[in-house]
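Take the given structure of chain U and dock chain Y to it, following the hints.
So the sequences go chain by chain: U and Y.
In case it helps, this note's numbering puts the first sequence at residues 1 to 250.
In case it helps, this note's numbering puts the second sequence at residues 1 to 266.
These aren't lab readings, by the way, just hints derived from the structure by calculation.
As the structure is a prediction and not an experimental result, all values here were calculated from the model.
You may find that some hints are simply not true.
What the hints assert, rightly or not - Derived CB-CB ranges, DEER-like:
#1 U:Tyr15 <-> Y:Ala194: 54 to 62 angstroms
#2 U:Gly185 <-> Y:Ile206: 54 to 62 angstroms
#3 U:Ala118 <-> Y:Leu20: 28 to 36 angstroms
C-beta atoms are modelled at their ideal positions from N, C-alpha and C, and glycine is treated no differently.
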Amino acid sequence: MAEPPVIQVENLHKYYGSVRAVDGISFDIARGTTCALLGGNGAGKTTTIAMLLGLLLPTSGRIHILGEEVPRHHHRVLPRMNFSSPYVDLPQRLTVAENLTVYARLYGVPRVRERLAALGRDLDIDAFFQRPYGSLSAGQKTRVALAKALLNEPEILLLDEPTASLDPDTADRMRGILTDYQRRGGATLLLASHNMSEVERLCDQVIMLRTGCIVASGAPRELIRRYGRKDMEEVFLDIARGIQSGEVIE
Amino acid sequence: MNSLSAQRIGALALRYLYLLRRSWIRIVELAYWPTVQMILWGFITRYLSGHSDVLGQAAGLLLSGVLLWDILFRSQLGVSVVFFEELHARNLAQLFVSPLRPIELILALMSISLIRTLVGVGVAVALALPFYGFNLFALGPPLAGFFLNLLLMGWAIGLLVAALVLRHGMGAESIAWAAIFALAPLCGIYYPIATLPGWLQPLAWILPASHVFEGMRAVLLDHTFRLDYFLYALLLNTGYLGLAISVFLAAVRHAREHGSLLQSGE
Chain U
1 MAEPPVIQVE NLHKYYGSVR AVDGISFDIA RGTTCALLGG NGAGKTTTIA
51 MLLGLLLPTS GRIHILGEEV PRHHHRVLPR MNFSSPYVDL PQRLTVAENL
101 TVYARLYGVP RVRERLAALG RDLDIDAFFQ RPYGSLSAGQ KTRVALAKAL
151 LNEPEILLLD EPTASLDPDT ADRMRGILTD YQRRGGATLL LASHNMSEVE
201 RLCDQVIMLR TGCIVASGAP RELIRRYGRK DMEEVFLDIA RGIQSGEVIE
Chain Y
1 MNSLSAQRIG ALALRYLYLL RRSWIRIVEL AYWPTVQMIL WGFITRYLSG
51 HSDVLGQAAG LLLSGVLLWD ILFRSQLGVS VVFFEELHAR NLAQLFVSPL
101 RPIELILALM SISLIRTLVG VGVAVALALP FYGFNLFALG PPLAGFFLNL
151 LLMGWAIGLL VAALVLRHGM GAESIAWAAI FALAPLCGIY YPIATLPGWL
201 QPLAWILPAS HVFEGMRAVL LDHTFRLDYF LYALLLNTGY LGLAISVFLA
251 AVRHAREHGS LLQSGE
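Extracted from the complex, chain Y is given alone in its bound form:
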């Protein structure tokens, strides 16, 4: 009775899948922005590749960057926005009086985030091939490591945003969209971390995504997989995800102390 239940996690994931299945607009919306970004950066790549030594050497740099960035962005939204659905639906109290445990709610959010990310980014990745002859899978096995680390970082940010909204109400909802863009300049998506001013670089290196994008450039430019980048990112993600889960659980406890689970809503 006290252990984690795959059935309860699956039940909540099913609730989100029902929602997705119910609206084709939601499915299109998942893939829309990653695809638009991919098309835009594809043209920029095409234009710049004749004028840039770096892009001439590895034309996939920008497109790989934008598609990997979207893994991070979609996985974060997949946790935070899906959690907001419960607040909007005034369903949170129903969930918390059911046998569902908070940690199972977190695992369900992560599961649905994975599905949303695969659908959203998957469409853009698939379309990049006919549009620009670009195949993200050409990154080879390291792509799995990049995907894992970006997914974990997205979950950590998503849970922190969800905790913030649970603690401070729906007024904090816009942070879900803003949070990740505040980190984007530091992640080195389109340029090496060495490009940043010296005082900003230590800050960049404590972000798992910075290691992922440096690792991506190592694969594309030097044709090497940098295990050190992968392991640093994984180590940082372990810490951040552990912290995010703790903060989310603390926010649930705070809501239980202050009665906000019953009052949650718009």
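The following block holds chain U by itself, in its conformation from the complex:
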């Protein structure tokens, strides 16, 4: 018997007054896979991730994560998940080590020192453990934020633009770290990204959003074939401009 999806979303809506930020989306994500939420600005990616995390209450619809109903029981699944986004931050005046220690304790991580040392090595951040988080460069901050997101070895990792503001070399290393992490522990990754080559490299499944609705989904290669394009960049542009499989969406 097939394992049930670790993330199940059914007919999810989020309205802000008359604005339909998310408008009746449904999708499943299988354990151990990487899924990308794609779409232009305002498509509903961050809103969807925020609802999965319990940061935002849906107007209607159902979410099940690891078999638990969210947001009703989100405190049961939050210790098994984590999140990273360039749009949220960590306390600037605390050192990297202090920030990670606080979050390790919040997540109930056993043997905090050993875990921090391992993350320091893996993400190459141990050299600035004693520096205030606020004094780091954007790229260094992104690595620390990823370290925070990996502290509890989450079964589900939600990443909002994980390589935004990183130079190509650092971004490539981050993708390598995420791939290794997933391979070692069988974690499920859901990421929102504007980087199409990243999506092609990392993702098994893509969900394309436009004005809060799912307009296409499938494996990256399948979408490229369906749209008759050479890469995801071109597929993305087609969808953002309202063209689907060669047809203009009304």
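This is chain Y only, laid out in the frame that chain U set:
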């Protein structure tokens, strides 16, 4: 998994202690205003004690009042200003996607408020002895009751201010400083509630602090501990703190409905 976790409360308290440890200026700032107030009112007491029957009878009235008032003020700031740190740091979303529960956030804020109050007021209390030979602990065991009630009232106001800022944004931040001063004239810190106009007195009596300061005067002037003042204050505080926690939790829910946890910041 669903129960309160002392480890998570301790983790958040640790975050604030790291911040305090990192900056000696913050520690000095905690004790600065209580100490300045204590010195100022000490001189006023010294001047007035030769001219006032009441102060001649109990020279510690003004100094006790100012130090107890600072317990209320510091405990309120200890909750609201520390909560603002999370908003300034854009850290609130990180906290709310962690297993930390809102009630644990409240308990962590209360814990750090207690520490900040003990440090801030403690220094002023300690310095009052060499400066003026004044010992707040001369109030005896009732001091513990006064401290408890002022702390609880400070937490209630602090949580209401934090809820207001969570609901309306950082524009409401200045209320943290203004809120408690609006109540000060009604609390009878330096004068009995009977001094207030008759129509204001019922309003004063619904404030726990008014009962505390009347109780303080009873100890200093009549050398009696008024249990009724203590119990009234405790009863009022129970109601206000329960209300403040409910309002804060409602503000968190409102933020979850409107997406403001992700947008919180300056």
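Verification of the hints:
1. U:Tyr15 <-> Y:Ala194: 54 to 62 angstroms: holds, 56 angstroms
2. U:Gly185 <-> Y:Ile206: 54 to 62 angstroms: Because 57 angstroms falls inside the window, the suggested range holds.
3. U:Ala118 <-> Y:Leu20: 28 to 36 angstroms: Holds: the Cβ-Cβ distance is about 29 angstroms, inside 28 to 36 angstroms.
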